[in-house]
Amino acid sequence: MSKGITLEAGDIIATGTPVVTVFDEKEKPDYEGNKKVIDFLIEGGVDGILVLGSSGEFTGLTKQEKHDFFKFYADYTAGRTKLYAGTGSLNFEDTVALSNEVNEMGYEGAMVIGPCYYALDQEKIFVYYDTLAKSIKGNLYIYNFPARSGHSIAPETLKKLVENNTNIKGLKDSVSEPNHTNELMPLYDMDSNFSLLFKKLMQHRGVEVLDRAIFPYNQMDEEVYKKAESLMDKVIEEYQNLK
Numbered sequence: 127m128s129k130g131i132t133l134e135a136g137d138i139i140a141t142g143t144p145v146v147t148v149f150d151e152k153e154k155p156d157y158e159g160n161k162k163v164i165d166f167l168i169e170g171g172v173d174g175i176l177v178l179g180s181s182g183e184f185t186g187l188t189k190q191e192k193h194d195f196f197k198f199y200a201d202y203t204a205g206r207t208k209l210y211a212g213t214g215s216l217n218f219e220d221t222v223a224l225s226n227e228v229n230e231m232g233y234e235g236a237m238v239i240g241p242c243y244y245a246l247d248q249e250k251i252f253v254y255y256d257t258l259a260k261s262i263k264g265n266l267y268i269y270n271f272p273a274r275s276g277h278s279i280a281p282e283t284l285k286k287l288v289e290n291n292t293n294i295k296g297l298k299d300s301v302s303e304p305n306h307t308n309e310l311m312p313l314y315d316m317d318s319n320f321s322l323l324f325k326k327l328m329q330h331r332g333v334e335v336l337d338r339a340i341f342p343y344n345q346m347d348e349e350v351y352k353k354a355e356s357l358m359d360k361v362i363e364e365y366q367n368l369k
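Residue numbers (the numbering used here): 127 to 369.
These are computed hints drawn from the structure, not numbers from a lab.
Hints are supplied without guarantee of correctness; some may be wrong.
What the hints assert, rightly or not - Under the rule of at most 25 Å between Cα atoms (straight-line distance), these lysine to aspartate or glutamate pairs were calculated in the DMTMM-like manner:
#	residue 1	residue 2
1	Lys189	Glu151
2	Lys161	Glu151
3	Lys161	Glu219
4	Lys263	Asp173
5	Lys161	Glu183
6	Lys295	Glu227
7	Lys189	Glu169
8	Lys285	Asp359
9	Lys162	Asp150
Computed from a predicted structure; not experimentally measured.
All chains should be built: construct the whole structure from the sequences, respecting the hints.
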């Protein structure tokens, strides 16, 4: 159990990063270059790495190249940090296959953005993730990025998904609208799984794109946290008044 912020007994403060992928002159993954990135992040204190997220340029790799790269990460990190895999693909069967493959490699879970290009309504979003969750063996983390996928997951849809699938463990909410994530917060206590999703992932863990600016969570005491929380509440309130 980490020292610092203690909102509930047993909670662990953690930070992770969606890692960049280093490519060579032939536009293929440069494995030696990627080893340097991995070592830099682990030595810097990250608790987890998201492999082939948006920053990892997953769209530029074939299914086999993704598999090989995920395997490389698992072998090289060798348990030194937790791994999460961006397995989302336009082809649903590829998404399922890659998600199951990374589970066998020891990844904490698969993070999946919804099908790009198709602007899905909430019913179709539910069907997609519900079918996916029931088709894979490991944990599923939903990646909500409407600017890229063309659709956004509503709180009601997310709640229904979590209630129906115990392996849906988290959400990466890449939305520039601050009120969107804030609207999800009141759903904490409506369901035990949903509470776990937000309290464990959103409040107590962060996926940070700024790899070189990892915040020292474990050195932050509760008094400072409460001040920061109060200021953030005021910022959100002012933002809502501008709408």
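Going down the list of hints, with the structure as the test:
{"no.": "1", "hint": "Lys189 to Glu151", "result": "holds (20 Å)"}
{"no.": "2", "hint": "Lys161 to Glu151", "result": "holds (17 Å)"}
{"no.": "3", "hint": "Lys161 to Glu219", "result": "violated (30 Å)"}
{"no.": "4", "hint": "Lys263 to Asp173", "result": "holds (23 Å)"}
{"no.": "5", "hint": "Lys161 to Glu183", "result": "holds (17 Å)"}
{"no.": "6", "hint": "Lys295 to Glu227", "result": "holds (18 Å)"}
{"no.": "7", "hint": "Lys189 to Glu169", "result": "violated (30 Å)"}
{"no.": "8", "hint": "Lys285 to Asp359", "result": "holds (23 Å)"}
{"no.": "9", "hint": "Lys162 to Asp150", "result": "holds (14 Å)"}
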